[in-house]
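One letter stands for each residue in the lines below.
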Amino acid sequence: MDAEAAKELGKLLGAGLSMGLGAVGPGVGLGIMIGKALESIARQPEVAGDVRTNMFIGIGVTEAVALYAFVVALILIFVA
Amino acid sequence: MKHMWRWIIGLLVLGFLILLAILPGGEEMEFEVAAEFEREVLIKLPTIGPFDMSVTKTVAYLWIAVAIILVVALIVARSLKTQPGRFQYAMEAMYGLARDGIVGSVMKSGKAAWFPFVGAAFFFVLVSNLIGLLPLPFGEHHQPAFYAATANLNVTIMLALCTFLFTHYAGIRKNGAFRYVKAWAPPGAPPVLKQMIWFIHVISEVFRLISLSVRLFANMVAGHAILAVFFAMALIFQSYLIGLALQGASVLIYMFEIFVAFIQAFIFAILSAVYIGGALDQDH
Numbered sequence: 000m001d002a003e004a005a006k007e008l009g010k011l012l013g014a015g016l017s018m019g020l021g022a023v024g025p026g027v028g029l030g031i032m033i034g035k036a037l038e039s040i041a042r043q044p045e046v047a048g049d050v051r052t053n054m055f056i057g058i059g060v061t062e063a064v065a066l067y068a069f070v071v072a073l074i075l076i077f078v079a
Numbered sequence: 000m001k002h003m004w005r006w007i008i009g010l011l012v013l014g015f016l017i018l019l020a021i022l023p024g025g026e027e028m029e030f031e032v033a034a035e036f037e038r039e040v041l042i043k044l045p046t047i048g049p050f051d052m053s054v055t056k057t058v059a060y061l062w063i064a065v066a067i068i069l070v071v072a073l074i075v076a077r078s079l080k081t082q083p084g085r086f087q088y089a090m091e092a093m094y095g096l097a098r099d100g101i102v103g104s105v106m107k108s109g110k111a112a113w114f115p116f117v118g119a120a121f122f123f124v125l126v127s128n129l130i131g132l133l134p135l136p137f138g139e140h141h142q143p144a145f146y147a148a149t150a151n152l153n154v155t156i157m158l159a160l161c162t163f164l165f166t167h168y169a170g171i172r173k174n175g176a177f178r179y180v181k182a183w184a185p186p187g188a189p190p191v192l193k194q195m196i197w198f199i200h201v202i203s204e205v206f207r208l209i210s211l212s213v214r215l216f217a218n219m220v221a222g223h224a225i226l227a228v229f230f231a232m233a234l235i236f237q238s239y240l241i242g243l244a245l246q247g248a249s250v251l252i253y254m255f256e257i258f259v260a261f262i263q264a265f266i267f268a269i270l271s272a273v274y275i276g277g278a279l280d281q282d283h
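If you're matching them up, the sequences are chains A and B in order.
When we follow numbering that gives the first Met the number 0, the leftmost residue of the first sequence carries the number 0, and every step to the right adds one.
When we follow numbering that gives the first Met the number 0, the leftmost residue of the second sequence carries the number 0, and every step to the right adds one.
Chain A on its own, in the form it takes in the complex (with noise of 0.2 Å):
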């Protein structure tokens, strides 16, 4: 394999890595936060409100995570 194909290979591949391992900790992050937050509102529905409220600004703070990754995945395949 010549060098500029094995650059474009580790290109690709560091891209896919990158966005699928990045996906893996923020899906779970927000699988156990979401749970919580539904559990607290069955729990308390009188609280149901800030719940929801806070549960959103946690997802953007988590949902960021995986979108580094997306992004890094972006500059990998068209920019680097």
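Calculated directly from the structure, the hints in this document are not laboratory data.
Given the structure is predicted, the values throughout are model-derived calculations rather than measurements.
Note that CB positions come from ideal geometry on N, CA and C, so glycine has one too.
Among the clues, some could well be false.
[Unchecked claim] Calculated pairs, DMTMM-like style, for lysine to aspartate or glutamate (alpha carbon to alpha carbon, straight line, at most 25 Å):
1) A:LYS10 <-> B:GLU31
2) B:LYS107 <-> A:ASP49
3) A:LYS35 <-> A:GLU45
4) A:LYS35 <-> A:ASP49
5) B:LYS110 <-> B:ASP99
6) A:LYS10 <-> B:GLU37
7) B:LYS107 <-> B:ASP280
8) A:LYS6 <-> B:GLU31
9) B:LYS110 <-> A:ASP49
10) B:LYS173 <-> B:ASP99
11) B:LYS110 <-> A:GLU45
12) B:LYS107 <-> A:GLU45
13) B:LYS110 <-> B:GLU204
14) B:LYS107 <-> B:GLU91
[What the hints assert, rightly or not] A few chain B positions that, by computed beta-carbon distances, are all more than 10 Å from chain A:
15) GLY9
16) GLY48
17) MET52
18) VAL75
19) LYS107
20) PHE165
21) VAL180
22) LYS181
23) LEU208
24) PHE230
25) ALA231
26) ILE235
27) LEU240
28) GLY247
29) PHE255
[To be verified] Some chain B residues flagged as far from chain A (calculated, every beta-carbon gap over 10 Å):
30) ARG5
31) TRP6
32) GLY14
33) THR46
34) VAL71
35) ILE171
36) PRO186
37) LYS193
38) GLN194
39) VAL205
40) GLN246
Following the hints, position chain B against chain A.
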């Protein structure tokens, strides 16, 4: 008798699907996902200093968003009634969401002072995201094309920079520059630890800027890339059967993108409110 009809309809559907699978696909077309996000220049204008003043596709989308917000807001404001109609009721619900759901639920003081900024950011991001789901004739390679102003990192960085600057402006104006910066570390901590915590806080302030802009940008780019790939899958596979199956899936993804457009606007506005509220009432 009843069952025979079922069999006939089932066979007809099966025959139709086999026909679709056998039929040769349409003409071959090249499709490049990255080309959907190219910034094409619509009106060429001279460069002033480091700034290229040309009107690009993104600028046109921003103008459309501003025009829609202005027209809707003016219409609603001019025709306010005490017995609201459907349209006014919907707009009041959105306004109530921005005021009570976003600003009212996360900020302690300064609600009235900072609601205009947070509400404007919410509606601007929401309308920009939703316009991105309409096919508009600004495409470069094929005519009705999908694009969103918020799928451009420059736009989202400017929006995040507004939040960033307003956060520190609000904190400095309320608490005074020295007290504001000093309160970034907890007062009771031992000296070396205190400096380290202060330094980490400074880094986190910069990362807020990055995460706020990249989150919105990456969400919109990812959504539009998935939509574009699904819409173009029939061209890639050259098969009517796969095209039919994927158009059904793309409708579902389109509906999910409407949800994402709303959620991202909500998250952007609520994080702006959280940051500004945190700068106003510093409690560690």
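Test the statement that GLN246 of chain B is away from the interface with chain A: the closest C-beta pair must be farther apart than 10 Å.
holds (25 Å)
Are LYS107 of chain B and GLU91 of chain B close enough, with their CA atoms no more than 25 Å apart?
Holds, at roughly 23 Å.
With d taken as the least Cβ-Cβ distance between PRO186 of chain B and chain A, does d exceed 10 Å?
holds (26 Å)
Is the Cβ of TRP6 of chain B more than 10 Å away from each Cβ in chain A?
holds (44 Å)
Is GLY9 of chain B truly not at the interface, in the sense that its beta carbon sits beyond 10 Å from all beta carbons of chain A?
holds (39 Å)
For the pair supplied as a hint, LYS10 of chain A and GLU31 of chain B, is the alpha-carbon distance within the 25 Å limit?
holds (18 Å)
Verify this label for me: LEU240 of chain B is non-interface relative to chain A, using a Cβ-Cβ cutoff of 10 Å.
About 28 Å separates LEU240 of chain B from the closest Cβ of chain A, which puts it past 10 Å; holds.
Is LYS110 of chain B close enough to ASP99 of chain B, meaning Cα to Cα at most 25 Å?
holds (10 Å)
Taking 25 Å as the top limit, are the C-alpha atoms of LYS110 of chain B and GLU45 of chain A close enough?
Given pair LYS110 of chain B, GLU45 of chain A holds - Cα atoms ~24 Å apart, limit 25 Å.
Assertion that LYS107 of chain B lies farther than 10 Å from chain A (Cβ):
About 14 Å separates LYS107 of chain B from the closest Cβ of chain A, which puts it past 10 Å; holds.
Going straight from one Cα to the other, do LYS35 of chain A and GLU45 of chain A come out at no more than 25 Å?
Holds, because 16 Å separates the two Cα atoms, which is no more than 25 Å.
Does THR46 of chain B sit more than 10 Å from chain A, CB to CB?
Since the minimum Cβ distance to chain A is about 24 Å, THR46 of chain B lies beyond 10 Å and the statement holds.
Going through the hint list in order, the structure satisfies each hint without exception.
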